[in-house]
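> Could you put the whole structure together from the sequences, leaning on the hints where they help?
Same order as they appear, the protein sequences are chains R and D. Sequence positions in the first sequence follow my numbering and run 1 to 183. Sequence positions in the second sequence follow my numbering and run 1 to 183.
Since the hints were made in silico from the structure, they are not lab data. There's no promise every hint is true.
Pairs of lysine-lysine, DSS-like flavour, derived with a Cα cap of 27 Å [unchecked claim]:
| # | chain 1 | residue 1 | chain 2 | residue 2 |
| --- | --- | --- | --- | --- |
| 1 | D | Lys-96 | D | Lys-4 |
| 2 | R | Lys-113 | R | Lys-4 |
| 3 | D | Lys-173 | D | Lys-11 |
| 4 | R | Lys-11 | D | Lys-4 |
| 5 | R | Lys-11 | D | Lys-11 |
| 6 | R | Lys-4 | R | Lys-96 |
| 7 | D | Lys-96 | R | Lys-4 |
| 8 | D | Lys-113 | D | Lys-96 |
| 9 | R | Lys-113 | R | Lys-11 |
Footprint (simulated), chain R over chain D, 3 or more residues, beta carbon under 8 Å [stated by the list, open to error]:
| # | stretch |
| --- | --- |
| 10 | 10-21 |
| 11 | 149-162 |
Counterexamples of contact, computed for chain R against chain D with all Cβ distances above 10 Å [what the hints assert, rightly or not]:
| # | residue |
| --- | --- |
| 12 | Glu-14 |
| 13 | Arg-27 |
| 14 | Gly-39 |
| 15 | Ile-50 |
| 16 | Ala-97 |
| 17 | Thr-156 |
Note that the Cβ used here is the ideal one computed from N, Cα and C, for glycine as well.
Protein chains: 2
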Amino acid sequence: MNPKVLVPFSKGVEEIEFTTIVDVLRRAGAHVTTASLEGALVEGRSGIRIQADTTLDVALSPAVTYDMVVLPGGLPNAHILRDDPRIIALLQSTAKAERPVAAICAAPSALFKAGLLEGHTATAYPGCLPDLPSEQQSDDAVVISGNITTSRGPATALAFALSLVATLFGDAKASEVAGELLA
Amino acid sequence: MNPKVLVPFSKGVEEIEFTTIVDVLRRAGAHVTTASLEGALVEGRSGIRIQADTTLDVALSPAVTYDMVVLPGGLPNAHILRDDPRIIALLQSTAKAERPVAAICAAPSALFKAGLLEGHTATAYPGCLPDLPSEQQSDDAVVISGNITTSRGPATALAFALSLVATLFGDAKASEVAGELLA
Chain R
1 MNPKVLVPFS KGVEEIEFTT IVDVLRRAGA HVTTASLEGA LVEGRSGIRI QADTTLDVAL
61 SPAVTYDMVV LPGGLPNAHI LRDDPRIIAL LQSTAKAERP VAAICAAPSA LFKAGLLEGH
121 TATAYPGCLP DLPSEQQSDD AVVISGNITT SRGPATALAF ALSLVATLFG DAKASEVAGE
181 LLA
Chain D
1 MNPKVLVPFS KGVEEIEFTT IVDVLRRAGA HVTTASLEGA LVEGRSGIRI QADTTLDVAL
61 SPAVTYDMVV LPGGLPNAHI LRDDPRIIAL LQSTAKAERP VAAICAAPSA LFKAGLLEGH
121 TATAYPGCLP DLPSEQQSDD AVVISGNITT SRGPATALAF ALSLVATLFG DAKASEVAGE
181 LLA
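Here it is in structure tokens:
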């Protein structure tokens with residue numbers, strides 16, 4: 001069965017990051033659900049309006065378990081995600097089940113708030129992890145630390161999404177999708 | 001006054017290409033209008049539904065002149081664009097007025113059909129310009145030939161969009177936006 005990936009998002013989402021995550025994971029064969037925190041149509045940080053597949057409440061109905069949770073960045077989206085107790089609980093339960101969680105740009109702050117970066121190296125958009133000890137911070141485009149993948153911003157979104165494909169499907173599938181994208 | 005850019009699109013649009021073009025040009029300060037050929041909500045090739053700013057007919061009302069027209073790729077979007085007489089007429093009138101036109105992925109085929117690639121070098125997704133003489137084809141990520149800019153696919157969308165920023169605003173603005181995106 002194809003892995004199930006949840007991508008929660010809200011207003012101000014960074015559109016390049018959002019579409020790159022969803023597009024690349026769907027090309028690989030993942031069953032990606034995009035879930036809005038605030039109504040069906042979400043306006044991104046650059047004014048592009050995207051229709052969510054469903055709402056977060058429906059997406060979190062008890063019958064569904066996700067194999068991976070990915071948080072796109074953009075503001076205020078990343079702060080809304082970080083400040084929503086449903087997101088924090090979802091990140092914690094996913095990590096506890098040893099399933100991968102991932103975040104890019106300003107969104108790794110939600111992983112920090114959920115307590116998931118303890119003992120992990122992470123990256124984010126510059127200045128977005130002010131409370132993470134500097135020795136745990138990296139400037140790499142994509143950082144994989146255990147089950148936690150983080151990345152920096154729009155220009156690193158493609159490498160981030162391809163690394164998530166590698167995590168779920170292996171390196172051969174990631175190379176195949178990269179080739180299709182001309183990466 | 002900020003330059004006006006038109007981005008026409010239809011079902012099957014490549015979502016990474018579409019959002020990268022719009023997001024990057026808006027970050028630079030362009031007034032970007034996204035215009036659907038077929039209703040308000042457009043489903044992309046990877047199933048992301050995007051709401052257009054307006055319809056193509058409204059966008060082409062005689063009072064508006066665009067400083068640049070940019071065609072995203074993805075199928076069937078690129079074929080729908082290529083086969084729409086309004087798009088062909090728009091490309092021809094924009095080029096005749098010596099304003100830039102641009103296309104990525106499968107969409108340069110619309111420039112070919114409009115007769116705009118005569119004497120120009122261009123690129124596209126592999127196999128998408130079968131009738132362009134091979135000496136006019138390039139494998140470069142982004143090709144600028146006179147007022148015509150072309151590019152190859154999702155992984156070259158960011159370089160393509162930044163080159164359009166350079167065309168409209170100059171290299172300094174393109175560098176500034178690239179820095180913001182962490183490119």
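> Return the numbers of the hints above that this structure violates; sort them in rising order.
The structure conflicts with hints 3, 7, 12, 13, 15 and 17, although it agrees with all the remaining ones.
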